[in-house]
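So the protein sequences, as listed, match chains A and B. For the first sequence, the tail end lands on 275 under our numbering, and the numbers increase by one without skipping. For the second sequence, the tail end lands on 618 under our numbering, and the numbers increase by one without skipping.
Keep in mind the hints are simulated off the structure, nothing from the lab. Watch out, some of these pointers could steer you wrong.
As the list claims (entries may be wrong) - Stretches of chain B that chain A covers, calculated by requiring three or more beta carbons in the stretch to come under 8 Å of a beta carbon on chain A:
| hint | region |
| --- | --- |
| 1 | 315-326 |
| 2 | 348-362 |
| 3 | 452-459 |
| 4 | 465-472 |
| 5 | 485-497 |
Using N, Cα and C, we set each Cβ at its ideal position, and we do this for glycine too.
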Amino acid sequence: MPLCVVAVIVGALAILSAAAPADAADDTSALFSSGTAALRDGRAADAIGSFEALADRGVVDAALSYDRGLAYAMRVRIGAESSGDLGRAAQGFEEARDLTHDVRLADDASRALTLVRSEVARRRVRLGEPVEVDPARSLSRTLAGLLAEDTWSVIAVAASVAMALGLFVRWMAGAPRARIGGGVASGIAGPVLVVAVAMTLAARHDRMHLREAVVVAANARPSDQRGIVAPGATPLPEGARVEVVDARGTWSRVRFGSIDAWIASSALRPLARVD
Amino acid sequence: MISLWVLLAGAALSQGAPQMQVQADPSTVGVGEMVHLQLSATSADAMPSDPQPGTTSGFAVRGQSSAPAQTHIIMNGSRMDRYTLTTTWALEAQRTGTFHVGPASIVLGGTRYSAQPVTITVVAAGQAPRRHGGGLSPPTLQNPFSLSPFDLWRGMVPGFDEDRSSPEAVSTDPKLALDAPRASYYFLHSTVDKTSAVVGEQVVFSVYEYIDLGAGRVEIDEEDLHDASVADFVKHPLQREDQEAPLVGYASVGGRTWAVKLVRRWALFPLHVGDLTIGPMHVRMRRPASVAGAERAAETLVVHVKEPPLAGRPPGYVLGDAGRFSLAAQVSPGEVDQGGAVGVHVELSGTGNMPSAIQTPAREGIEWLAPEVHDELGPTDHDTFGGKRTFDFVVRLRRPGTVDLGELALPFWDPEQRKYEIARAKLGAVRVAPSAAAPAQDEAQNRLPDLPPLRDVLEGGRSLRAHPDDSLVFWFAGIGGCPLAFGVAVAARAGGRRARSALRSRRVSPARELKQRLAAAMAACEGGDARAADAAIARALEAATVAHAGVSIRGAVAGELVERLERAGVAPDAASGLAELLGECDKARFAPDAVDMLAARDRWTRAQGTIRRLERSG
Numbered sequence: 001m002p003l004c005v006v007a008v009i010v011g012a013l014a015i016l017s018a019a020a021p022a023d024a025a026d027d028t029s030a031l032f033s034s035g036t037a038a039l040r041d042g043r044a045a046d047a048i049g050s051f052e053a054l055a056d057r058g059v060v061d062a063a064l065s066y067d068r069g070l071a072y073a074m075r076v077r078i079g080a081e082s083s084g085d086l087g088r089a090a091q092g093f094e095e096a097r098d099l100t101h102d103v104r105l106a107d108d109a110s111r112a113l114t115l116v117r118s119e120v121a122r123r124r125v126r127l128g129e130p131v132e133v134d135p136a137r138s139l140s141r142t143l144a145g146l147l148a149e150d151t152w153s154v155i156a157v158a159a160s161v162a163m164a165l166g167l168f169v170r171w172m173a174g175a176p177r178a179r180i181g182g183g184v185a186s187g188i189a190g191p192v193l194v195v196a197v198a199m200t201l202a203a204r205h206d207r208m209h210l211r212e213a214v215v216v217a218a219n220a221r222p223s224d225q226r227g228i229v230a231p232g233a234t235p236l237p238e239g240a241r242v243e244v245v246d247a248r249g250t251w252s253r254v255r256f257g258s259i260d261a262w263i264a265s266s267a268l269r270p271l272a273r274v275d
Numbered sequence: 001m002i003s004l005w006v007l008l009a010g011a012a013l014s015q016g017a018p019q020m021q022v023q024a025d026p027s028t029v030g031v032g033e034m035v036h037l038q039l040s041a042t043s044a045d046a047m048p049s050d051p052q053p054g055t056t057s058g059f060a061v062r063g064q065s066s067a068p069a070q071t072h073i074i075m076n077g078s079r080m081d082r083y084t085l086t087t088t089w090a091l092e093a094q095r096t097g098t099f100h101v102g103p104a105s106i107v108l109g110g111t112r113y114s115a116q117p118v119t120i121t122v123v124a125a126g127q128a129p130r131r132h133g134g135g136l137s138p139p140t141l142q143n144p145f146s147l148s149p150f151d152l153w154r155g156m157v158p159g160f161d162e163d164r165s166s167p168e169a170v171s172t173d174p175k176l177a178l179d180a181p182r183a184s185y186y187f188l189h190s191t192v193d194k195t196s197a198v199v200g201e202q203v204v205f206s207v208y209e210y211i212d213l214g215a216g217r218v219e220i221d222e223e224d225l226h227d228a229s230v231a232d233f234v235k236h237p238l239q240r241e242d243q244e245a246p247l248v249g250y251a252s253v254g255g256r257t258w259a260v261k262l263v264r265r266w267a268l269f270p271l272h273v274g275d276l277t278i279g280p281m282h283v284r285m286r287r288p289a290s291v292a293g294a295e296r297a298a299e300t301l302v303v304h305v306k307e308p309p310l311a312g313r314p315p316g317y318v319l320g321d322a323g324r325f326s327l328a329a330q331v332s333p334g335e336v337d338q339g340g341a342v343g344v345h346v347e348l349s350g351t352g353n354m355p356s357a358i359q360t361p362a363r364e365g366i367e368w369l370a371p372e373v374h375d376e377l378g379p380t381d382h383d384t385f386g387g388k389r390t391f392d393f394v395v396r397l398r399r400p401g402t403v404d405l406g407e408l409a410l411p412f413w414d415p416e417q418r419k420y421e422i423a424r425a426k427l428g429a430v431r432v433a434p435s436a437a438a439p440a441q442d443e444a445q446n447r448l449p450d451l452p453p454l455r456d457v458l459e460g461g462r463s464l465r466a467h468p469d470d471s472l473v474f475w476f477a478g479i480g481g482c483p484l485a486f487g488v489a490v491a492a493r494a495g496g497r498r499a500r501s502a503l504r505s506r507r508v509s510p511a512r513e514l515k516q517r518l519a520a521a522m523a524a525c526e527g528g529d530a531r532a533a534d535a536a537i538a539r540a541l542e543a544a545t546v547a548h549a550g551v552s553i554r555g556a557v558a559g560e561l562v563e564r565l566e567r568a569g570v571a572p573d574a575a576s577g578l579a580e581l582l583g584e585c586d587k588a589r590f591a592p593d594a595v596d597m598l599a600a601r602d603r604w605t606r607a608q609g610t611i612r613r614l615e616r617s618g
């Protein structure tokens, strides 16, 4: 009899544990559906509530980020904007672009991001502030971002093999042409190997350490570590993508183009990373 | 009696040294309490001066006051002068222990005179025994020659002074009792109704003052009162603070009866998660004199604050909205022209952390302007904060037809029910009549046109994946493997060559070569080829000169050959014999006619002898 009781208890636990993730998934789907329905009906605030509730639960999904960005953008469009809505919209689109593996979603997110940043730039022009909203990345990061990290890894391995083969041929071959061919191959593969290894390391460093966020406040003024606003400093553009270098208390140190400053952490919304 | 005292005093004083009396009151105090050290020096010659308390370790001198007095008495034709200096020091006890204070001293006629040191015991705060009796008299009233016996004996006879009326018997409330008094005469005690809360949940903070009923008049310095610091909370008083603190009851603490009054009661709403500190309220004592200047502080309290649970959290919940709320809304008018506006009056009532804003159901064509907010908030009862907050919105309607304004919803966390609730108020529909004079869409309406379509299916979460460059195998084998292999091959080949060369050089040593050539010559001489035999004999002779004389004669002509051998230490006859033999071998080798094998063998025999001679001489 005790064995039967144990078996029943174990079975019940197994069912419950299987049910719990299923319940969570249902809850996620239900919330997402209610959010998209609200978005379709033009109820931006309700849509934002649903999508933010999913974000609070730790759900990270490209479509969710995209729709959340759309909800904030819609609230701006219908004239019910809250301060920081443009920034939060930009954050949703940036996150969707980073997370998705759907080319069309990435295109739509890029298009929406351009609209949002144009609106931010238009407002900054009215206020007499600089309109740079998306400064160029550094050269190294641009190069590393040309290809995926794994692609750079493969190129590095191929270059290594090619260089070694070239050296072998040059060393061992008797025919002059073969020796020349081996020398040329190793001479080309060597620099390619160096570049590919550097780009792999740069991409890996970014993956491991780079933390980025989007400014979600309309008046995030650059300050020093004590929170004292730099005199004459222009606020960082709302919706700007910044690199978060350090965080202490309620302040975060960010880099935006050539600007390296501290701003209130509440003015930033981090971009989710999966890798 | 007085005369006797005076005569005796006079007799004593006439000797030059002053009469000194020192006392400390009280002799046992608690930490932070005051002790008065009094020195009275009397001289018949001059006024004592420069009073010093002596060593005061364990105490901080907070004040000093001196009162000189002169008395001149003529009795039976004799004049007596008395000069008295009474100095009182106020000492604040710093730490527990038994301390010897002093000796206090004065200067008289250029000489410093010291009294005896006094012993003062300092115990923990609130542990000192209560004093009875008059204690030290103010210096201005101290006059040892006063004609009033009461003044003279003041403070010297226990119970002689006015009696303090003992406190009437009162019933004490056990709920107000504490384990021990926090200080003597008066102390502060703070409490919270909970030590764990969620963000925005009300925490009731109270500060009580405990007044010892047997202490007589107790006063605090109202100018030196500091409220508790509550930087991590929003604070709302639950009682008026500009009135006398209400009496809560009586408590028995440490065997004494205390009156307990509620001096502060606040509703605190935590602003963020964490262990949030409520700093102490503190005041300074003014009376009784023995504790004047001493500080009284309440406890420092900590409240652990976290977020309400994620599970079941409704969309739109704003962290900090906690309490019990209800919403009511009225829309007027019910009909309006296109482009016109309606008023929406929203009433948010309840208790707790009243939200400062309400999310409006913004939709296209409906513009909600910023509301006017009015509050009627305050204590709703003894320990709850709440009331009513009204929002008056103006809503502009841009599209004709029957416009449903939607519903107001306010999600909040109910701390009593420990669950989320949503307060709702339906707004109903408004009929918007089309108007030809409706304003054209302004620039604001053209914001963010042509947004791309939404996505109604989740893409699916991406899981963490490994990258090849995270592995050491990638770096060592993938990147470094091939070049490393090439390097190893090159190194191996070079090493092999060097090894073979070393091996070869070990194999072809002069002795071994000689041995090989002797064997070869032997074999050649046993054969039938005389020229080969002569060649082998010549090579054997060359190897022998290298092995035994250390000189190579290869390529040397006859004269030079002998010279080389002699320079190498070979005897002249042996050298010439060897040269002659080599010459014969060469001649035979290159002779056009056939060479006699026997002659070759003979030359071999002679060569062996020459080699042996070389060996012996080498």
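Here's how the hints hold up against the structure:
A count of 3 residues in the region 315-326 of chain B with a Cβ less than 8 Å from any Cβ of chain A is obtained; the coverage claim is therefore met, three being the minimum. Residue count for the region 348-362 of chain B with a Cβ under 8 Å from a Cβ of chain A: 4. That meets the three needed, and the coverage hint holds. With a cut-off of 8 Å between beta carbons, the region 452-459 of chain B has 8 residues touching chain A; three or more are needed, and the interface restraint holds. Judged by the Cβ-Cβ criterion of 8 Å, the region 465-472 of chain B is covered by chain A as claimed, because 5 of its residues qualify and three suffice.
Here the region 485-497 of chain B counts 4 residues with a CB under 8 Å from a CB of chain A, which clears the bar of 3, and the coverage holds.
Violated hints: none; the structure is consistent with every hint.
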